[in-house]
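Respectively, the protein sequence lines represent chains A and B.
All residue numbers in the first sequence are consecutive under the working numbering, ending with 179.
All residue numbers in the second sequence are consecutive under the working numbering, ending with 168.
The set of hints was computed from the structure by calculation and includes no laboratory data.
Among these hints, one or two may not hold up.
No farther apart than 30 Å at their CA atoms in a straight line, the calculated lysine-lysine pairs in the DSS-like style are these [what the hints assert, rightly or not]:
no.	chain 1	residue 1	chain 2	residue 2
1	B	K116	A	K41
2	B	K38	B	K63
3	B	K116	A	K27
4	B	K79	B	K90
5	B	K166	A	K37
6	B	K38	A	K26
Non-contacting residues of chain A with respect to chain B, defined by C-beta distances greater than 12 Å in every case (computed) [claimed, not checked]:
no.	residue
7	Y3
8	D5
9	D8
10	T116
11	A124
12	V130
13	N178
Okay, the calculated bits of chain A under chain B, using three or more residues with CB under 8 Å as the criterion [said to hold, decoys possible]:
no.	segment
14	33 to 43
15	55 to 63
Glycine included, each C-beta is placed from N, C-alpha and C at the ideal position.
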Amino acid sequence: MAYYDIADIIEWSKISQGLAEVDITKKLALGGGFVDKDLPKKIYLERLSLEDLYDDDPTSEYLDLLGNFVISLCPPYLMAAQAATGDGGSVSPSTPTQGTIYPFMLSASDFTWDGTNLAYTNTAMDGDNVIIFVNEFSQQWLVAPTYFTYKNGGGIFLDATYFPNGTTPLTIIVQKLNS
Amino acid sequence: LAQNFSTTQSLADPESITITDTSTGLGAFTSRLIYLQKINGDYIVPNGTVTDFIEWAAADSSKTIEVLDRDYSLLVTTKWMNGSSIAYTKSIILSFTGYSRLFLLNLTRANAANPKLLSNQNYFTSKFTLRTLVSDADELVSLANDQEGAQLCLDMAYQLYSNPQKFY
Numbered sequence: 001m002a003y004y005d006i007a008d009i010i011e012w013s014k015i016s017q018g019l020a021e022v023d024i025t026k027k028l029a030l031g032g033g034f035v036d037k038d039l040p041k042k043i044y045l046e047r048l049s050l051e052d053l054y055d056d057d058p059t060s061e062y063l064d065l066l067g068n069f070v071i072s073l074c075p076p077y078l079m080a081a082q083a084a085t086g087d088g089g090s091v092s093p094s095t096p097t098q099g100t101i102y103p104f105m106l107s108a109s110d111f112t113w114d115g116t117n118l119a120y121t122n123t124a125m126d127g128d129n130v131i132i133f134v135n136e137f138s139q140q141w142l143v144a145p146t147y148f149t150y151k152n153g154g155g156i157f158l159d160a161t162y163f164p165n166g167t168t169p170l171t172i173i174v175q176k177l178n179s
Numbered sequence: 001l002a003q004n005f006s007t008t009q010s011l012a013d014p015e016s017i018t019i020t021d022t023s024t025g026l027g028a029f030t031s032r033l034i035y036l037q038k039i040n041g042d043y044i045v046p047n048g049t050v051t052d053f054i055e056w057a058a059a060d061s062s063k064t065i066e067v068l069d070r071d072y073s074l075l076v077t078t079k080w081m082n083g084s085s086i087a088y089t090k091s092i093i094l095s096f097t098g099y100s101r102l103f104l105l106n107l108t109r110a111n112a113a114n115p116k117l118l119s120n121q122n123y124f125t126s127k128f129t130l131r132t133l134v135s136d137a138d139e140l141v142s143l144a145n146d147q148e149g150a151q152l153c154l155d156m157a158y159q160l161y162s163n164p165q166k167f168y
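Work out the full structure: start from the sequences and follow the hints.
What follows is the structure, encoded as structure tokens:
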């Protein structure tokens, strides 16, 4: 099937024909390169056949075939023609989902008291395996008990037994573990 | 008050033309007669018709006539008859280019299936010439009322679409 409406293709091919004429004239004046001098005539010729068929039978099974053929003659002028008729497409920039950038550093002020624990809430960490360095020591190097709970969903929680009320000064480095 | 008519010709059936009465405010009439006159003065009529004209019943708003064997520029005359008297008459010179345009359309279909055809200079030149002749025939009658010139263009066009092996 034709990707565009036949009426649009007819309009764009009319503009492309004129743009091609101007472009080719400039190129010939500069004496440069390969130029298909007949391109505007070809666009014109095939567009008229498309118009004939469209006028005669707007439901013809051949319209898509001819429409695709006519539009295939129009580049590199097609986008300019589309823009001229206000039909040019636009591309919305995608908004990437920003994951957590590791490593990052936390201090006591990044934690909030939830009534039970000190919690650093960051759902962007969900699913990541991390290793936590407290005051530049890996937790694995610290003697028991373990002060931290990393929940694979929600963020990092400090054991309130050892860090009551979020007042304890500390430095935490969080690194992603890619294994 | 204005007696008038329009014509259409389908690419699917270029042999036929349909004439539609577009008159406004006409008085009584009992039938219509259509005359299709070539530039040499001859009338063309469907097979089996023994008169110069084609009858068109008053009750019918349009009339389809299967009459063209090729493209013509014709002096089309419609007479609105009241009994045996002519109540109104209207003549228009028209170019009927359906055969040429159908041939061009078929060439374009062939192009679409084989785009390289357009790079064949002989093919392209002949096709462009045919399209130009069709356009000329249309414009000579619409802008200059020149049936003779239009018919000359259509005669040349006829050579281009009736001898495809020679030109394409």
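Q.
Going through the numbered hints above, which ones does this structure break? Give me the numbers in ascending order.
A. 6
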